[in-house]
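**Student:** Protein chains in written order, with our numbering: chain A, 1 to 101; chain B, 1 to 774.
Hints are not guaranteed to be accurate.
Covered stretches of chain A, going by a simulated chain B footprint (3 or more residues, C-beta under 8 Å) [unchecked claim]:
#, segment
1, 10-24
2, 72-82
Chain A is faced by these chain B residues, among others (derived, beta-carbon under 8 Å) [stated by the list, open to error]:
#, residue
3, Phe59
4, Asn751
5, Ala756
6, Ser758
Just so you know, the hints here were simulated from the structure itself, not pulled from any lab data. Even glycine gets a Cβ: it sits at the ideal position worked out from N, Cα and C.
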Amino acid sequence: MQVTIEWYIALSTILFTIGALGVLVRRNAIIIFMSVELMLNSANLLLVAFAQQLADAHGQVLVFFVMTVAAAEVAIGLALIVVIFRTKNTIDIGEINLLKG
Amino acid sequence: MNAFGLAPLLLILPIIGVLFNGIVGRYFLDADRSTGEKWSGWFGTAMAVGTFIVSVLIFFSLGANDHHAEIVHLFNWFNIPSGNFTIPWAMQLDTLSSVMTLVVTGVGSLIHIYAIGYMHGDRDFHRFFTYLNLFLFFMLILVTGSSYLMLFVGWEGVGLCSFLLIGFWFDKPKGEGILNGDAARKAFVANRVGDFAMILGMILTFWAFGSMEYEVVFESALDLYTTTETVFIAGIEFTIPQVLTGITVLFLIGATGKSAQIPLFMWLPDAMAGPTPVSALIHAATMVTSGIYLIVRSNVLFEIVRDSGHQLFGIVSAPDLVAIAGAVTAVYAGLVAFTQFDIKKVLAYSTVSQLGFMIAAVGMGAYVAGMFHLVTHAFFKALLFMASGSVIHGMEHGHHHLHEHSHGDDHEEDDFDPQDMRFMGGLREKMPVTFWVYIIGSLALAGIFPFAGFWSKDEILAHSAYGLGVGEATPVFTFVRWMLTIGAFCTAFYMTRQIKMTFFGEGRHEAVKHVPESSPLMTRPLAFLAFLSLMGGALNIPYLTGGGGEEASTPVGMTASVLAAEEDKGLNLAFEHWLEHSIQAFTLEEDFENVVGPNGEHFFTHVPHTPTSLQYDIAISSTLIAVAAILIGWYVVFRVWPRSKEDPDPISQWPVVGFVWTFFQGLPLDTLYMTGIVKNIFNPLARFSDVVDWNFWHNFVHNNLIRDSFVALADFLATVLDPKGVDGIVNGVGQTARNLAEALRRPQTGNTGNYALSLFLGVALLVAFFVFAS
Numbered sequence: 001m002q003v004t005i006e007w008y009i010a011l012s013t014i015l016f017t018i019g020a021l022g023v024l025v026r027r028n029a030i031i032i033f034m035s036v037e038l039m040l041n042s043a044n045l046l047l048v049a050f051a052q053q054l055a056d057a058h059g060q061v062l063v064f065f066v067m068t069v070a071a072a073e074v075a076i077g078l079a080l081i082v083v084i085f086r087t088k089n090t091i092d093i094g095e096i097n098l099l100k101g
Numbered sequence: 001m002n003a004f005g006l007a008p009l010l011l012i013l014p015i016i017g018v019l020f021n022g023i024v025g026r027y028f029l030d031a032d033r034s035t036g037e038k039w040s041g042w043f044g045t046a047m048a049v050g051t052f053i054v055s056v057l058i059f060f061s062l063g064a065n066d067h068h069a070e071i072v073h074l075f076n077w078f079n080i081p082s083g084n085f086t087i088p089w090a091m092q093l094d095t096l097s098s099v100m101t102l103v104v105t106g107v108g109s110l111i112h113i114y115a116i117g118y119m120h121g122d123r124d125f126h127r128f129f130t131y132l133n134l135f136l137f138f139m140l141i142l143v144t145g146s147s148y149l150m151l152f153v154g155w156e157g158v159g160l161c162s163f164l165l166i167g168f169w170f171d172k173p174k175g176e177g178i179l180n181g182d183a184a185r186k187a188f189v190a191n192r193v194g195d196f197a198m199i200l201g202m203i204l205t206f207w208a209f210g211s212m213e214y215e216v217v218f219e220s221a222l223d224l225y226t227t228t229e230t231v232f233i234a235g236i237e238f239t240i241p242q243v244l245t246g247i248t249v250l251f252l253i254g255a256t257g258k259s260a261q262i263p264l265f266m267w268l269p270d271a272m273a274g275p276t277p278v279s280a281l282i283h284a285a286t287m288v289t290s291g292i293y294l295i296v297r298s299n300v301l302f303e304i305v306r307d308s309g310h311q312l313f314g315i316v317s318a319p320d321l322v323a324i325a326g327a328v329t330a331v332y333a334g335l336v337a338f339t340q341f342d343i344k345k346v347l348a349y350s351t352v353s354q355l356g357f358m359i360a361a362v363g364m365g366a367y368v369a370g371m372f373h374l375v376t377h378a379f380f381k382a383l384l385f386m387a388s389g390s391v392i393h394g395m396e397h398g399h400h401h402l403h404e405h406s407h408g409d410d411h412e413e414d415d416f417d418p419q420d421m422r423f424m425g426g427l428r429e430k431m432p433v434t435f436w437v438y439i440i441g442s443l444a445l446a447g448i449f450p451f452a453g454f455w456s457k458d459e460i461l462a463h464s465a466y467g468l469g470v471g472e473a474t475p476v477f478t479f480v481r482w483m484l485t486i487g488a489f490c491t492a493f494y495m496t497r498q499i500k501m502t503f504f505g506e507g508r509h510e511a512v513k514h515v516p517e518s519s520p521l522m523t524r525p526l527a528f529l530a531f532l533s534l535m536g537g538a539l540n541i542p543y544l545t546g547g548g549g550e551e552a553s554t555p556v557g558m559t560a561s562v563l564a565a566e567e568d569k570g571l572n573l574a575f576e577h578w579l580e581h582s583i584q585a586f587t588l589e590e591d592f593e594n595v596v597g598p599n600g601e602h603f604f605t606h607v608p609h610t611p612t613s614l615q616y617d618i619a620i621s622s623t624l625i626a627v628a629a630i631l632i633g634w635y636v637v638f639r640v641w642p643r644s645k646e647d648p649d650p651i652s653q654w655p656v657v658g659f660v661w662t663f664f665q666g667l668p669l670d671t672l673y674m675t676g677i678v679k680n681i682f683n684p685l686a687r688f689s690d691v692v693d694w695n696f697w698h699n700f701v702h703n704n705l706i707r708d709s710f711v712a713l714a715d716f717l718a719t720v721l722d723p724k725g726v727d728g729i730v731n732g733v734g735q736t737a738r739n740l741a742e743a744l745r746r747p748q749t750g751n752t753g754n755y756a757l758s759l760f761l762g763v764a765l766l767v768a769f770f771v772f773a774s
C-alpha cells in the first residue's frame, strides 16, 4: 500500500485537532504546553510532507526554523510555568485569572 | 492788527480755571488752608481777568475794524455734507457781544476778587471758584455764539451753573428761609419752562429759515418779508409775520424764564439763598440779563413783527407783549420789595423790577436804552449785592463774636438771622465804606442825577413817552410809561426803607455792636464798582439839545452827514454809536430791492439810530418823583421806624394800604401759583403720574410683563433646560462611557481557556473568510 500525501495530511490534521482541543479543554498548563507543541509539530509534518511531494527543500528548511522557535518557546514557557507555580502553588489555569476585568 | 484771533481764549481761559480748581484745588486746600485759598482764588481770578483783557483787546480791535462784526470759526459741530447741513461752532464778535463780554468779564473779575474775601474759610472754597469759572465759560458762549444754537448751549450752561451755585450750601441745615437745595431746584424747574419755549422757538426758526445762524436768519427773514413770500411749516402755509410772531413770543417766554419776568420770575428771589457773590454776579449782573440780550440780538425779528402790525390772536403784537410783560413785572416786583425784611430779598425783587425796565425798553424798540440800563444796572446792582454781602458778613462776624464772649449763654441764638434787616440798624458807623458805597448804589438805582441809573432809566422813560424807537407813542407805550414811573417811585421808596433799616437808628441786636468793617479784598471791588455806578452814565450821555418828542425823533435840519458829524464828536452817544453796528436798524423803503447795506451783503438799509435827546420834562419829572419818594420815605413814613425789631412796618398799619401791603407780603403771584397751578393742576397731575408710574409701569409692565416672564423663563431654564438638557449631555457622555466599559468588561474573564477559544474562533473565521471569499 502506497503511503500518499493524503495520509500525511490526514495525520497532520488529526494531530492539530488533538493539539487544539488539548489547548482548549485541558487546565494543566504543562499539558496545554504540550498540546501547543503537538500543533506546531503537526504543521512541521505537513511542511516536510509537502516538501517531499513537491521536491522542494524550502519546506524542510522552514521546519528547522519552527523547531528552533519552538525550543526557545519551551525554554521561556517552562520558565514562566515554574515562576507561576512558585508564586501561586498551582499550575491550573483556571486559578490563574488575574486579567479578569 | 487785530485781536480777533485771541477770541478762543475767552473760552479756553475759564476752562483752564475750571480744570485747575476742579482737579487740584482740593489738594492745595488740604495741604495748607491759607496758601490753598490763595492759589484757588487768585488762579480763578486770574482767568477771569485774562478774559477781561481779551475782551478789551477785542473791543479796541472792533474800533479799528470800523465796528464790523467778525465771525471766528472754531470748528464744525455737525457737518453732514450730503444733507448740506452744517452747524459751525463759531464766535460772533460784534459791538453787542463786545458790550456783553466786557460787562460779564469786568464785573465778573471784580466779583471773583470779592469772593476771595467773602468765601474765606468756606470748606468748599475751590468748588466755588470752579463753578464761578464754569459760569464765565458758559456765559461767554452765550454772548459770543454766532447762532441761536450756540446761544442755547450757553443758556443751558449758565442755568446749570446757577443751579449749582444756588445749591452751593446744599448741606446747610434748615433755617429761616428756603433750603438751598429747594431753591436750586425751583430755579432749575422754572427755567426749564422757559427753556422749553426757547427750544420750540429755535426749532421754528430752523424750520422757517433753514438755519440758526443769526446773519442767515435775519437776512432771509427780511428778504422773505419784503418779497411777501410765505413759508411752509408742517405743510401749512404761513406768512412771515405769523411765523415771526410765534418765534418772538416763544423767545419772550424763554426770556421771562431766564430774566425772571412775569410769569416765571418766582425763582429769582429764592435764588438769594446762594452765596452773595453768586447773587451779585449771576442773579443780578449777568445771567439774568441774557433774556434781554436774546431780544436785543433778535431785534430784526421783533422789528419785522412791529412793522407788519401782526397781532397775536388779534389782541396784541409780540413786541408790545414784551413791553407789557416788562412793565407789569417792574411794578409788581417793586411793590413786593416794599414788604420784605430780608436784605437780599429786597434787592432780589429790585432786580426783577429793573429787569422789567429793560424788558419793557427792548419791547418798545429802545434796544440801546435797554442795553444801556443793562450795563449800568450790572454796575450798581452788583455793587448793592456785594455791599449787602458785606453787611451780612459783618453781622455774622458780630454774632459770632457775641457768641464767643457770652460763655455759652445763647439765649438769642434761635431767632437771629444775619440777613434780616430788623436785626440791623446803626451800621453806618460800624461799616463806613460799605455804607457809602451802598448810598451810591442806591442813588444810582433810584435814578438820581448824576448817577448812572439816572441816564439809563431816563432814556427808557423818554422812549416810552415819545416813542423814540418807532416814531410815535402808542397806547401801549403810554401804559408802559406810567407803569415804569410807578416802578421808579417804588424803587426809590424801598431803597430808602432799606437804608433806614440797615444803616440808621440804633442797633436792634447785640451783634451789631461787634460788627467789623469787611476786609479790603471785599471793599476795594466795592469802591471800584461805586466809581462805575457814579460815572457809568457817561457811556451814553444823551444829546443835549432836545426838548420835545417830535423834535427828538426827527432832529431838525439833521441830514445824515450832519448826524454823522455829531456822532464823531466822541463821548456824546458813544454807546448808541457803538451799538448801532450790531442793532441792525433798518427802514423798509419803496425801492427796497435796490438797497444794499454797508457791508454789501445786507438786504436792508443800515440807518443810524435817532440820537437820544435829553427830554428835560421826563428827566426832571422822574428825578422829582424819585426825590419825592426818598423824602416821603425818610421824613414821613419811616421817620421814627423801626424802634425795635418787633416794630411792625408803618405802612402795614395804615387803614386800606395796610391791607394791600399784607396782600403783597403774601407774595400773591407765588401763592396763586401754589394754589392755582401747583395744588390744582400739578398735584393731581403728580398723583395721576404716580398712578401711571406705579400701577401701570411698576406693577404691570415691570412686575407682570418683565419680571414674571423673566421668572418663568428662568424657571424653565433652571428646572428643565439645565438639568435635562445640559446636564443630560454632560452626564450622558460619562454614562455612555461607563455602559460601554461595563459591556466590554464582561469578556475579560481572566480565564485563559476563553481567550484561547476566542483566538481559535477568530482564526477559524479568518480561514473561512479567505477560503470562501476566494
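**Student:** Per the coverage rule (Cβ-Cβ under 8 Å, at least three residues), is the segment 72-82 of chain A covered by chain B?
**Tutor:** violated (count 0)
**Student:** Does serine 758 of chain B pass the interface check with chain A, least Cβ-Cβ distance below 8 Å?
**Tutor:** violated (11 Å)
**Student:** Taking the least C-beta to C-beta distance, is asparagine 751 of chain B closer than 8 Å to chain A?
**Tutor:** For asparagine 751 of chain B, the interface hint holds, since the closest Cβ of chain A sits about 6 Å away, which is under 8 Å.
**Student:** In terms of beta carbon proximity below 8 Å, does the segment 10-24 of chain A have 3 or more residues touching chain B?
**Tutor:** holds (count 3)
**Student:** For the hint on alanine 756 of chain B, just tell me whether its beta-carbon gets within less than 8 Å of chain A.
**Tutor:** holds (5 Å)
**Student:** Please check whether phenylalanine 59 of chain B passes as an interface residue: C-beta within 8 Å of a C-beta belonging to chain A.
**Tutor:** With Cβ-Cβ at 104 Å, over 8 Å, it is violated.
In the structure shown, a violation is registered for the earlier hints numbered 2, 3, 6, in ascending order.
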